[in-house]
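**Student:** Take the two lone chains and join them into the complex the hints point to.
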Amino acid sequence: MTETILSPMSLLAELTHRCPLQCPYCSNPIALEPRRNELPTQDWISVLDQAAEMGVLQVHFSGGEPMSRPDLPDLIRHAVGLGLYTNLITSGVLLNEKTFPALVEAGLDHVQLSFQDIDTANAEHVGGMKGAQARKMEAARLVVADGMPLTLNFVIYRENAARVPQMLEAAVEMGARRVEIAHTQYYGWGLANRAALMPTAQQLEQTTQAVEAAREKYTGRLAIDYVTPDYYADRPKPCMGGWGRRFINISPSGRVLPCHAAETIPNVAFPDVRHDTLAHIWRDSPLFTMFRGTDWMPQPCRSCDQREKDWGGCRCQALALAGDAAATDPVCSRAPDHERVVRVLETLPAEPPPFRYRRYTRATDEVG
Amino acid sequence: MTTTDLTDDSIIRFVRGVRLQHDRVRERWIIQAPERAFIPDPIAAEVLKLVDGTRTLGQIVSELATRFAAPVDVIGHDVHVMVSDLITRQVLVA
Numbered sequence: 001m002t003e004t005i006l007s008p009m010s011l012l013a014e015l016t017h018r019c020p021l022q023c024p025y026c027s028n029p030i031a032l033e034p035r036r037n038e039l040p041t042q043d044w045i046s047v048l049d050q051a052a053e054m055g056v057l058q059v060h061f062s063g064g065e066p067m068s069r070p071d072l073p074d075l076i077r078h079a080v081g082l083g084l085y086t087n088l089i090t091s092g093v094l095l096n097e098k099t100f101p102a103l104v105e106a107g108l109d110h111v112q113l114s115f116q117d118i119d120t121a122n123a124e125h126v127g128g129m130k131g132a133q134a135r136k137m138e139a140a141r142l143v144v145a146d147g148m149p150l151t152l153n154f155v156i157y158r159e160n161a162a163r164v165p166q167m168l169e170a171a172v173e174m175g176a177r178r179v180e181i182a183h184t185q186y187y188g189w190g191l192a193n194r195a196a197l198m199p200t201a202q203q204l205e206q207t208t209q210a211v212e213a214a215r216e217k218y219t220g221r222l223a224i225d226y227v228t229p230d231y232y233a234d235r236p237k238p239c240m241g242g243w244g245r246r247f248i249n250i251s252p253s254g255r256v257l258p259c260h261a262a263e264t265i266p267n268v269a270f271p272d273v274r275h276d277t278l279a280h281i282w283r284d285s286p287l288f289t290m291f292r293g294t295d296w297m298p299q300p301c302r303s304c305d306q307r308e309k310d311w312g313g314c315r316c317q318a319l320a321l322a323g324d325a326a327a328t329d330p331v332c333s334r335a336p337d338h339e340r341v342v343r344v345l346e347t348l349p350a351e352p353p354p355f356r357y358r359r360y361t362r363a364t365d366e367v368g
Numbered sequence: 001m002t003t004t005d006l007t008d009d010s011i012i013r014f015v016r017g018v019r020l021q022h023d024r025v026r027e028r029w030i031i032q033a034p035e036r037a038f039i040p041d042p043i044a045a046e047v048l049k050l051v052d053g054t055r056t057l058g059q060i061v062s063e064l065a066t067r068f069a070a071p072v073d074v075i076g077h078d079v080h081v082m083v084s085d086l087i088t089r090q091v092l093v094a
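The listed protein sequences correspond, in order, to chains A and X. The first sequence: position 19 = 19 (this note's numbering), numbered continuously. The second sequence: position 15 = 15 (this note's numbering), numbered continuously.
Extracted from the complex, chain X is given alone in its bound form (with noise of 0.2 Å):
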């Protein structure tokens, strides 16, 4: 699937091989993936704790709507544009 073809029906997963961890050592969340780990931006690791491999793009929107008291229609063309972009970087799948 491209990245264009991503709706808020699509269900987000990690690709295999890469995952969400929280590094003790630094206290800060890190994607875990092959030969290299990056450092998300506190924006994109709230969006990525919410990725579990059920949700749907809408529902990752929806709670982090309600979780920071935003409108879903601003949040969900950020969240949009960002899971695009992590897709094509290889770190999620929808």
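Pulled out of the complex, with its shape left as it was, chain A reads as follows (with noise of 0.2 Å):
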């Protein structure tokens, strides 16, 4: 059978690794990229060309923490003006009255601000920065002030879950107009620590309820999206909308990727942007055609009627639970692997360890 082959929506440009916060849930790889590797302004404006050509919609200007880069104004002026839609995925606190208003001016479309608590102590704590969350509170009133659409992201962990109904009640007071309320992923820094930001079932249960009162009582003011942590889900997600389907992750240094994750997969290369055309790429590198479609999957996948709507869950995920990015995600109750995530949550420790913040090591650079 030969898959169909779409043409990508949405491209992530991760600009740099580089970021003044430590979160210990970030979705970046363990091993981050220096500066020194980072693509060039020029590269930059061929990739966003090139996603332009072949169709995709939107492109979120994403990190690490995109404002590092003093480019930033030039690339999203240059997208606005192929028509693609502009997101900046940022952690707000180098969004000020000084750098704000070139990004206004350069014609970006949406904010996505992240929060790492509502409670600042907590917040700070987790992302190892004094004084941060005054200076998001300040980006997200500028935003609101130019009139800008803003969403607001809450990652939810153990030590903040009880926390949901205040952090929606803040978002309404901010003037956002929507907040992701998205548990923590599990991979990279997420999964090392794993162990301290799981919640239970019971904070689970208590976010999705908090979540359904809040899109009650704030319809048509406040859209929420809601992203639950799949462990305690009987079915896999579809992770990207199936693998190479709909997304291109560009990594700092150039890397074609199916997702910010994919820098694990064992035994197979990474395209370059700066090698190969990004059209070559998203059609026939090995790395997206590896797990297109349906041809790749094994059984119980091969034969479930769910395939083509998790098209098998995640490929990280089940090369870090299972040992095997070809194997059906282990989150799935169908999956062989399956036990091995009910005992990971049938073993959270009592006291939650401390965190491994996400920092460079000493080998490859400085934060900045």
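Keep in mind the hints are simulated off the structure, nothing from the lab. A few of these clues could be false.
As the list claims (entries may be wrong) - Simulated restraints, written as ranges between beta carbons of each label pair:
1. A:217 x X:13: 25 to 33 Å
2. A:104 x X:22: 24 to 32 Å
3. A:246 x X:13: 24 to 32 Å
4. X:89 x A:104: 19 to 27 Å
5. X:26 x A:209: 50 to 58 Å
6. X:69 x A:274: 54 to 62 Å
7. A:134 x X:38: 32 to 40 Å
8. A:272 x X:38: 30 to 38 Å
9. A:30 x X:38: 50 to 58 Å
To be verified - Cut-off 20 Å, straight-line C-alpha distance, at most; resulting in silico cross-link-like pairs (DMTMM-like, lysine to aspartate or glutamate):
10. A:217 x X:85
11. X:49 x X:8
12. A:237 x X:35
13. A:309 x A:295
14. A:130 x A:146
15. A:98 x A:138
Unchecked claim - Examples of chain A residues toward chain X, derived with CB under 7 Å:
16. 57
17. 85
18. 87
19. 109
20. 110
21. 147
22. 149
23. 151
24. 177
25. 201
26. 203
27. 220
28. 343
Backbone N, C-alpha and C fix where the C-beta goes; we use that ideal spot for every residue, glycine too.
**Tutor:** The structure is reproduced here in structure tokens:
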């Protein structure tokens, strides 16, 4: 069977891994890319040109902290000129009245601003930066005052799960149009800190109820995106909408990935925008074709009625939990390795261990 | 303004950060919105093409009635319901 290759919808441009914060659930890989390896401006411009040509509709400028890159306004302006919808995913700690006007002038469409918690002391404990919360509040104020749509992103974990109602209330007070209540996803740093971050089943139930109550209360004023920790689910999530179907991730050094955790996949070359075209990489590279569609699937996925709904779940999770990226995602109750997920949840420690903070190892580079 | 206040004199606009755009690769209209793109059905796309921040709901209805040779009261009801829904979904504002 020949798989249908769709045009990608969405591009995640990870401009840098540098970030003033050190959140222990960061979605970046453990091996952070030093500044000297970052793509120069003209390479990002070429990526944007190629992405628009291929049919990408939205570009998400992310990191690390994308505002660490002085060329961010130029990249936004270029993307806007191509008709791309531009989204800035930021910690907000570098967004202030000196830096924000250049983004507005460039035509930025939307800001997603992350918060580590609504409680300042715990937020700054998790982010590892004193004074960050006040900067974030000021960033939110500036975006809303401009009239640009604002989404707040709260990553949920054991320590802050009880405060979801206050997070939602704060989002309304701050004038956000959308909020993401997103349970930690357990890859990279999140996986390394899983014992400290994973909520209990009871906590998960409470956050779900808080979201449902707020959806009713704030209809038409606040849209709520809710992401659950899939360890507690019976069926896996349709990770990235299927491998190589909708989504392209570009790492700071120009590697082209089907998702932001894909650099963990062993025994395959990572294609690079400096050496090949985006269209060719998307269509033909071994990394993008290896798990596209359903031909690669083992049993029970291959004959499962959900195979074109969840696409076998997440390849990086299968690798992390079952030791094989081509296995059925172990969070699926039909997976041969499902017992491993059950065991993780049954053996959560009573007291969370200390965080392993997201930091560069000394051999690579400084945090800047 | 809430959707219950919507009248024929209401001027309809897109919310900042939301727009109708033609997707030339897939040859269809899309609604670009924060962190998502929707595909409007063909009727919604015809309505949204008339949303320019100056036309009122009544003007949009009468243009559609002329273009599709249909009774204003029938079209008016459907467009009102659709616009109300898109206001609730933070696509349009009146």
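**Student:** Work down the list of hints and note, for each, if the structure agrees.
**Tutor:** Comparing the hints with the structure gives:
no.	hint	in the structure
1	A:217 x X:13: 25 to 33 Å	holds (26 Å)
2	A:104 x X:22: 24 to 32 Å	holds (25 Å)
3	A:246 x X:13: 24 to 32 Å	holds (30 Å)
4	X:89 x A:104: 19 to 27 Å	holds (25 Å)
5	X:26 x A:209: 50 to 58 Å	violated (39 Å)
6	X:69 x A:274: 54 to 62 Å	holds (57 Å)
7	A:134 x X:38: 32 to 40 Å	holds (36 Å)
8	A:272 x X:38: 30 to 38 Å	holds (33 Å)
9	A:30 x X:38: 50 to 58 Å	violated (36 Å)
10	A:217 x X:85	holds (17 Å)
11	X:49 x X:8	holds (18 Å)
12	A:237 x X:35	holds (18 Å)
13	A:309 x A:295	holds (15 Å)
14	A:130 x A:146	violated (27 Å)
15	A:98 x A:138	holds (12 Å)
16	57	holds (5 Å)
17	85	holds (4 Å)
18	87	holds (6 Å)
19	109	holds (5 Å)
20	110	holds (4 Å)
21	147	holds (5 Å)
22	149	holds (4 Å)
23	151	holds (6 Å)
24	177	holds (6 Å)
25	201	violated (29 Å)
26	203	violated (26 Å)
27	220	holds (5 Å)
28	343	violated (35 Å)
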